[in-house]
Amino acid sequence: MSASDLIVNVLFYLFAAGAVGGALAVALSRNIVRSAFALLAVLASAGALYGLMKADFIAAAQLLIYVGGILVLIIFAVMLTHRITDVNVSNDSAGGPGATLACACLLLALVSVILIHARPLWKRDAEPFGAQAELVSGGGVVDFTLRQYQADGRTGLERGGSTLEERVVLVVKPEKPHPEALEVQVEAVAVRLEPKPRHETAPKGPPETGIVPVPDRQPLGLSRPIGQEGQTRFEMEGLPVGPVGWRVRLVGAEGPVTKWTLLGLYFSVEKGITKPAARALMGPYLFAFEAVSVLLLAALVGAAYLARKEVRE
Amino acid sequence: MIFTEAPLENMLVLSAVIFCLGVYTILTRRNAVSILMGVELVLNAANINFVAFSQYTRTGGVHGNIFTVFVILLAAAEAAVALAIIIGIYQNFGRVDVDQADQMRE
Chain G
1 MSASDLIVNV LFYLFAAGAV GGALAVALSR NIVRSAFALL AVLASAGALY
51 GLMKADFIAA AQLLIYVGGI LVLIIFAVML THRITDVNVS NDSAGGPGAT
101 LACACLLLAL VSVILIHARP LWKRDAEPFG AQAELVSGGG VVDFTLRQYQ
151 ADGRTGLERG GSTLEERVVL VVKPEKPHPE ALEVQVEAVA VRLEPKPRHE
201 TAPKGPPETG IVPVPDRQPL GLSRPIGQEG QTRFEMEGLP VGPVGWRVRL
251 VGAEGPVTKW TLLGLYFSVE KGITKPAARA LMGPYLFAFE AVSVLLLAAL
301 VGAAYLARKE VRE
Chain C
314 MIFTEAPLEN MLVLSAVIFC LGVYTILTRR NAVSILMGVE LVLNAANINF
364 VAFSQYTRTG GVHGNIFTVF VILLAAAEAA VALAIIIGIY QNFGRVDVDQ
414 ADQMRE
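Residue numbers (the working numbering), protein chains in the order written: chain G, 1 to 313; chain C, 314 to 419.
Chain G extracted, bound-state conformation (with noise of 0.2 angstroms):
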């Protein structure tokens, strides 16, 4: 395990101490105030385990939301609510063991449902994705199988799919094993997306994108002699920001067996999920995103109008 690893892991477990600690309080003290407080440790643990998640944007809007509205706002509520005299009585339970039992059955089934069918969820391969590159001499073309994966090189990358780290494993593999070619060399350029034109009897359906090289930016090359089975494994790291696509060319002992080809496999380089976040709220959720602004403003009045002082006349 390496030391980047370790960390995340001791990170994660001391975050959900902290949160099935906290909500085992919330469920067992007899004091309202602890309660109140140990639901501050749940929150905030789960503001910092969305931050381990990589959802940064989340993280923050828990953080503000959660811990510095709504909980002010329970806080308030069990203030207004009791005599401080009377604290440690007030937070009484009715709970026989029906509720302690149903809750285990629930946690139970839970649990075996996440541990039975979860991991297919996760852990994926990579989908292959087929590409061609033209011999430099002869005419012909070499077949290539391509998969791309997430920096943790398990994890599968689908084409057009996104990553959050500036890091992506490629494998390379060459359909028949080329007599002349020593070497895959590959090269992770910056491009852009571009609709290609539609004809008029094209199926409907998403538009077609094709990827076009940015000019100026300079890729970045990697050259691997090929591996075991014909497969050759790349890491790129330090990619740039934004759309990225592959280019790839065999090289053998005198100089390159193919042309340069830009394959139509990408992905995209994001800077956590901010960007992302605002581009969907401001385009498939705007209408969702204005909605729940009316409820707000809603909730405010409705608010108002019930804790208001009744004025008898």
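Keep in mind that the hints were calculated from the coordinates and are not lab data.
Hints may contain errors.
With the Cβ distance kept under 7 angstroms, some of the chain G side facing chain C (calculated, not the full set) [claimed, not checked]:
1. A16
2. A55
3. A61
4. V78
5. P97
6. A99
7. C103
8. A277
What follows is a list of derived Cβ distance ranges for each label pair [unchecked claim]:
9. G/S268 with C/D415: 42 to 50 angstroms
10. G/T274 with C/D415: 24 to 32 angstroms
11. G/G98 with C/Q416: 21 to 29 angstroms
Note that the structure is predicted; figures quoted are calculated from it, not measured.
Heads up, the beta-carbon is just placed ideally off N, CA and C, and yes, glycines get one too.
Here the structure of chain G is known, so what remains is to put chain C in place on it, guided by the hints.
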């Protein structure tokens, strides 16, 4: 279970534990403010699930994160209205036990 070996399962099991504790709080408490805290626990468990599926599945994209933003906003609205209702109950009944607040008028 090591977290970096199986991040999705770890997050889901953690959120299942928080969810069950939230349900337990809702089921067993008499105090309305405590029940509100249980609801917050349940919502947070759902949020952790949304973000975990969004970040650790291949087809997740950003949609789970957007849902989490909406859930946080709705929780804010819910907490504001619930606080107003709890204070209304307190003014009418003198306490906030949900067992005793069984009439909608004075």
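These are the hints, each one checked on the structure:
Hint status for G/A16 relative to chain C: holds, with the closest Cβ pair at about 5 angstroms, below 7 angstroms. With its C-beta approaching chain C no nearer than about 5 angstroms, G/A55 sits inside the 7 angstroms limit, and its interface hint holds. For the restraint placing G/A61 at the interface with chain C, the shortest Cβ-Cβ distance is roughly 6 angstroms, inside the 7 angstroms limit, so the hint holds. At about 5 angstroms, the closest approach between the beta carbon of G/V78 and any beta carbon in chain C falls short of 7 angstroms, and the interface hint on this residue holds.
Because the smallest distance between the Cβ of G/P97 and any Cβ of chain C comes to about 11 angstroms, over 7 angstroms, the interface hint for this residue is violated. Checking G/A99 against chain C by beta carbon gives a least distance of about 4 angstroms; that is within 7 angstroms, so the hint holds. The interface hint given for G/C103 is met, as the beta carbon of that residue sits about 4 angstroms from the closest beta carbon of chain C, less than 7 angstroms. Taken as an interface hint, G/A277 checks out: its beta carbon lies about 5 angstroms from the nearest beta carbon of chain C, inside 7 angstroms.
At roughly 57 angstroms, the beta carbons of G/S268 and C/D415 sit outside the given window of 42 to 50 angstroms. Take G/T274 and C/D415: their Cβ atoms lie about 47 angstroms apart, and the range 24 to 32 angstroms is violated. Look at G/G98 against C/Q416: about 26 angstroms separates their beta carbons, and that is inside 21 to 29 angstroms.
Figure legend: structure checked against the earlier numbered hints; hints not met, in rising order: 5, 9 and 10.
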